[in-house]
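Q: So the chains spell out like this:
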Amino acid sequence: MGYEPKLVCFSCKFGWGYLKDPGDLEAGASLSTPVECSGRLDALHLLRAFKEGADGVLILACEEGHCHFQEGNFRTLKMLYLLQDVLSAHGIEKERVRMEFSRDPEGTSIPDRLARMRASLSALGPLNRTFL
Amino acid sequence: MTQRITINPITRLEGHGKIEIFLDEQGEVKDAFWQVVELRGFEKFCVGRPAEEMTRIAPNICGVCPSAHHMAATKALDALYGVTPTPTARLLRELEFNAFMIEDHYIHFFFLAAPDFIVGPDAPLAERNILGVIGRVGKEIGKQVIDIRKRNRDIIRHLFTKAPHPEGGLPGGVPRGIAEEERRDLMATADDSVAFALFALDLFKKEVLGQKALKDLILSEAYTLRTYAMALVDEDDHVAFYDGMVKVIAPDGKEFVRFHPEDYLDHIAEWVEPWTYIKFCYLKQLGWKGLKEGDDTSLYQVAPLARLNVASGMATPLAQKEYEIFFETLGERPATHTLAMHWARLICALQAAERNQIIVRDPLLTSRDTRNMNLRLMRKGVGCVEAPRGTLIHHYETDDRGILTRVNLIVATQNNAGAICLAVKKAARAFVRGPEVKEGFLNRVEMAFRAYDPCLACATHALPGRIPFVVTLRGPSGDVVRTLRHD
Amino acid sequence: MAEKPKIAICWLGACGGCDEAVVDLNEGLLDVVEAVSIELWPVAMDFKYDHLVAFETDEIAVGLVSGHVRNSEHAEVARLLRDRCRLIIALGACACFGGTPGLANLVPREEILDAIYRKAPSVVNPEGTIPQAETPWEGETLRLPAFLDHVYALNQVVDVDYYIPGCPPPPELIQNGVRAVLTEDLPPKGSTLAPRTALCETCPRNKTKPMRFEIHGAIRRIHEVEADPETCFLADGILCMGPATRTGCGETCIRTNTPCRGCFGPVPGVADPGSRFISSLAALLKVGTTGDPKAIMASIGDPVGYLYRFTHPISTLGARRLTEASEETP
Chain A
17 MGYEPKLVCF SCKFGWGYLK DPGDLEAGAS LSTPVECSGR LDALHLLRAF KEGADGVLIL
77 ACEEGHCHFQ EGNFRTLKML YLLQDVLSAH GIEKERVRME FSRDPEGTSI PDRLARMRAS
137 LSALGPLNRT FL
Chain B
556 MTQRITINPI TRLEGHGKIE IFLDEQGEVK DAFWQVVELR GFEKFCVGRP AEEMTRIAPN
616 ICGVCPSAHH MAATKALDAL YGVTPTPTAR LLRELEFNAF MIEDHYIHFF FLAAPDFIVG
676 PDAPLAERNI LGVIGRVGKE IGKQVIDIRK RNRDIIRHLF TKAPHPEGGL PGGVPRGIAE
736 EERRDLMATA DDSVAFALFA LDLFKKEVLG QKALKDLILS EAYTLRTYAM ALVDEDDHVA
796 FYDGMVKVIA PDGKEFVRFH PEDYLDHIAE WVEPWTYIKF CYLKQLGWKG LKEGDDTSLY
856 QVAPLARLNV ASGMATPLAQ KEYEIFFETL GERPATHTLA MHWARLICAL QAAERNQIIV
916 RDPLLTSRDT RNMNLRLMRK GVGCVEAPRG TLIHHYETDD RGILTRVNLI VATQNNAGAI
976 CLAVKKAARA FVRGPEVKEG FLNRVEMAFR AYDPCLACAT HALPGRIPFV VTLRGPSGDV
1036 VRTLRHD
Chain C
12 MAEKPKIAIC WLGACGGCDE AVVDLNEGLL DVVEAVSIEL WPVAMDFKYD HLVAFETDEI
72 AVGLVSGHVR NSEHAEVARL LRDRCRLIIA LGACACFGGT PGLANLVPRE EILDAIYRKA
132 PSVVNPEGTI PQAETPWEGE TLRLPAFLDH VYALNQVVDV DYYIPGCPPP PELIQNGVRA
192 VLTEDLPPKG STLAPRTALC ETCPRNKTKP MRFEIHGAIR RIHEVEADPE TCFLADGILC
252 MGPATRTGCG ETCIRTNTPC RGCFGPVPGV ADPGSRFISS LAALLKVGTT GDPKAIMASI
312 GDPVGYLYRF THPISTLGAR RLTEASEETP
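Protein chains in written order, with our numbering: chain A, 17 to 148; chain B, 556 to 1042; chain C, 12 to 341.
Hints are computed from structural coordinates only; laboratory data are not their basis. Positions of the beta carbon are idealized from the N, C-alpha and C atoms, including for glycine. A few of these clues could be false.
[Unchecked claim] Beta-carbon label-pair distances, calculated as ranges:
no., chain 1, residue 1, chain 2, residue 2, range
1, C, 191, A, 132, 56 to 62 Å
2, B, 694, C, 228, 20 to 26 Å
3, A, 132, C, 261, 52 to 58 Å
4, B, 995, C, 217, 54 to 60 Å
5, B, 994, C, 97, 28 to 34 Å
6, A, 18, C, 139, 37 to 43 Å
7, B, 753, C, 129, 23 to 29 Å
8, C, 191, B, 960, 34 to 40 Å
9, C, 310, B, 753, 38 to 44 Å
10, B, 558, C, 261, 33 to 39 Å
11, B, 935, A, 140, 45 to 51 Å
[As the list claims (entries may be wrong)] A few chain B residues that face chain C, going by a derived Cβ cut-off under 10 Å, partial list only:
no., residue
12, 570
13, 845
14, 849
15, 883
16, 996
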């Protein structure tokens, strides 16, 4: 039964695709938002993404030790561990939020990463909105 | 053509409910239903919460008797963690629990019950409230009531954060202690509470028992009920509030069973009826026998009257004297006059006050040893107290992190649910006659449940969500035309 | 002599604690009743719903409404009060945010029904009976209010003019609120009648908050420790919702050596106090190279229960408006 998962992608401008056209990054995600550091992400952004229709969220962050703002990426990782529990309580599986740490100035790996995330969201099926 | 009278909402109690009375063509009462219309869900949504948070959450079951839930939760945590509270912690808990008994019984008597007696059951509706009571007894007495309630609630607030929502009880202890310089105020409150308790009983004897019409009402057949009775008793078989064994007597007064609260599941069962959200407690060993009184019932009553019937006496001397006058006046044991509950309630408040007079003078009260930290997770714990409205049980089970996997509550008013239905029906039959029914007579029907001081938010901690329903459509001749189901 | 303004004090999905808080005005209550005419107060007075129905639109000056909306009767009474009262004040955490029973929004309805009326260990129910919205009896029908599939805060059902938060609100806040209404000295509509800062600002322990605020190691649960009565709970590794919670309660829990659980709801400008706290807590947790963030986060036994203790119905994920459609039983 086909459904097109709605994937939201947040990517750090300092590590991901900054050598490419922003338009190229957008393919493969329903919504692609470059941010000034993954640490800029607040739990609220992720919760709103799900509330407003996302089936999954992919966060592209910089490698450990390479955050332009010291440890923004690490703080977001910690936040995510907490948030995953909240999401689980609402019937939102942990796999629907994924954080990947690397650097890819050309953004060449981004389409693949998005495709893989979309595939895993397809396997999970549409988000169960009973508790939302 | 049946006439249908709806009292909605029922008033001067805690909680949401209504009464439906059906009259036949002769204007006689065919039946009356006391329906509890609210639900909560605590037993379910507390699963997944850390057990120690129950002393923060459980008081939300009811804002009139939150201290009862708080204490039952605290004791359930003691059992869950296999720990005995320190002597000081126990004294502080008892101090607070007695203070709560006092202020809660008085808010019931003066605010909720007294209007029917001191203002009058047939008085204009707009006057039947605390303001009407103060109008009759005078502002001075009104201020005394307010003052004694405030001072006892200050004790609750001091020990457990807020009076309408005490919290913070811990397994093996309490969150804070009392400094020696605070003892003097506590002594004043305890002593004044005893004095006030005696005054309240005098007031009752003068203004209620001393008024023939009211005394006759209390002793009338319309307000009697014969069932089993349950209460906590101490090791001397006296009325107990904070802790004790559960004792049950039969309608004839003989002891039926005595058990430790942790064995409650062997003795107490809950029955479900489709027309009300409250579950009916009954004696499991006798099986459900329906809503009836007498020797063949399996229903039991709890709270003030039951306490006095069940125990062989009060635990304090002045209360004991009143206990003897009580039974002498009523002339029977067990006493079956439901309106006498108001009197029994005042005697219980006196005992609580007398107990506090002793506790506030105990040298260990101000010790800093308020926590026993020898916690050992047992994964199951049952806590039981004699709440103002009756025996209350909290039962918790957890995983190996102490996170709740199951919560079961037997809440005071549930124990009375069957009795209240019967009492309401009986009063309706006695006072309501169609087609013209005076409002004061409907109030007399409400007086039947008010004696029990019901707490419906407590009693219906359950939450079903959307309800499946069955609708039966009948034609003019009464034949079933269609049955609609939504499950 | 001018007629006294009318007020209604009503409870929906409530526990009665806010009504007790009104009575906790103590002698102040006697002053209030001199100044107003209470036309509805089911806990203490015998006026029935028909008394409320008989009023004209806007005839009642203010309705003090406690409790969330859980069933069709709550919704009906809320709408009735909205019509008959010029002002509606949401009184207490349940009316303002949904309250602790809002956590029931996280459990499927069928599971709850089953648990309470069939599976509870003390229940004996051979026919599997469940309370019904309609029960036939001798040609008549006994009715119970229909249960909605969600717990709603009051402003998700009717327009609310002012909010007095707390579980329950301190009597002083209620008294000030009522006085402000009667003297017509009110802030803009939609305001919360409580201070505008977070609990930490007024907390008696805030001097022990370190300059560089960090929590090292696992979060400790309150029963596992003997909390120091003067040290900031969070600085000591004990969960306290103070940073994400509005002040105004008088810090009664803190002063009783008990950490804040957030009953005053979010600070102004924050819609979802739980998500705000997640971000703050994540920043505070000092894990370093030797610590394992996952394990430390896991030491918080029940994130959703701490973060949204009183506020799930107004949270980002949980918030809904009650429409006619959501009330129908299909």
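Q: Does each hint fit the structure? Answer for all of them.
A: Verification of the supplied hints:
1. Here the CB-CB span from residue 191 of chain C to residue 132 of chain A is close to 58 Å, well matched to the stated 56 to 62 Å.
2. Between residue 694 of chain B and residue 228 of chain C the beta carbon distance is about 59 Å. The supplied range of 20 to 26 Å is therefore violated.
3. The given range of 52 to 58 Å is respected by residue 132 of chain A and residue 261 of chain C, whose C-beta atoms sit roughly 53 Å from each other.
4. Taking the beta carbon of each, residue 995 of chain B and residue 217 of chain C are about 58 Å apart, inside 54 to 60 Å as hinted.
5. Distance hint check for residue 994 of chain B and residue 97 of chain C: the Cβ-Cβ separation is about 29 Å, which falls inside the suggested range of 28 to 34 Å.
6. Distance hint check for residue 18 of chain A and residue 139 of chain C: the Cβ-Cβ separation is about 39 Å, which falls inside the suggested range of 37 to 43 Å.
7. Range check, residue 753 of chain B to residue 129 of chain C: about 49 Å between beta-carbon atoms, so the 23 to 29 Å window is missed.
8. Between residue 191 of chain C and residue 960 of chain B the beta carbons are some 47 Å apart, a value that contradicts the proposed interval 34 to 40 Å.
9. Distance hint for residue 310 of chain C and residue 753 of chain B: a CB-CB separation of about 53 Å, inconsistent with the stated range 38 to 44 Å.
10. Between residue 558 of chain B and residue 261 of chain C, the C-beta spacing of about 53 Å breaks the proposed range 33 to 39 Å.
11. Restraint check, residue 935 of chain B to residue 140 of chain A: a C-beta distance of roughly 36 Å breaks the suggested window 45 to 51 Å.
12. The criterion of a C-beta within 10 Å of any C-beta in chain C is met by residue 570 of chain B, whose closest approach is roughly 7 Å, and the hint holds.
13. The closest approach between the C-beta of residue 845 of chain B and any C-beta of chain C is roughly 13 Å, which is over the 10 Å cut-off, so the hint fails.
14. Hint status for residue 849 of chain B relative to chain C: violated, with the closest Cβ pair at about 21 Å, above 10 Å.
15. Annotation: interface hint on residue 883 of chain B violated; nearest CB of chain C at approximately 34 Å, more than 10 Å.
16. The beta carbon of residue 996 of chain B comes no nearer than 13 Å to any beta carbon in chain C, farther than 10 Å, and the hint placing it at the interface is violated.
The structure does not agree with the numbered hints 2, 7, 8, 9, 10, 11, 13, 14, 15, 16 stated previously, though it agrees with the rest.
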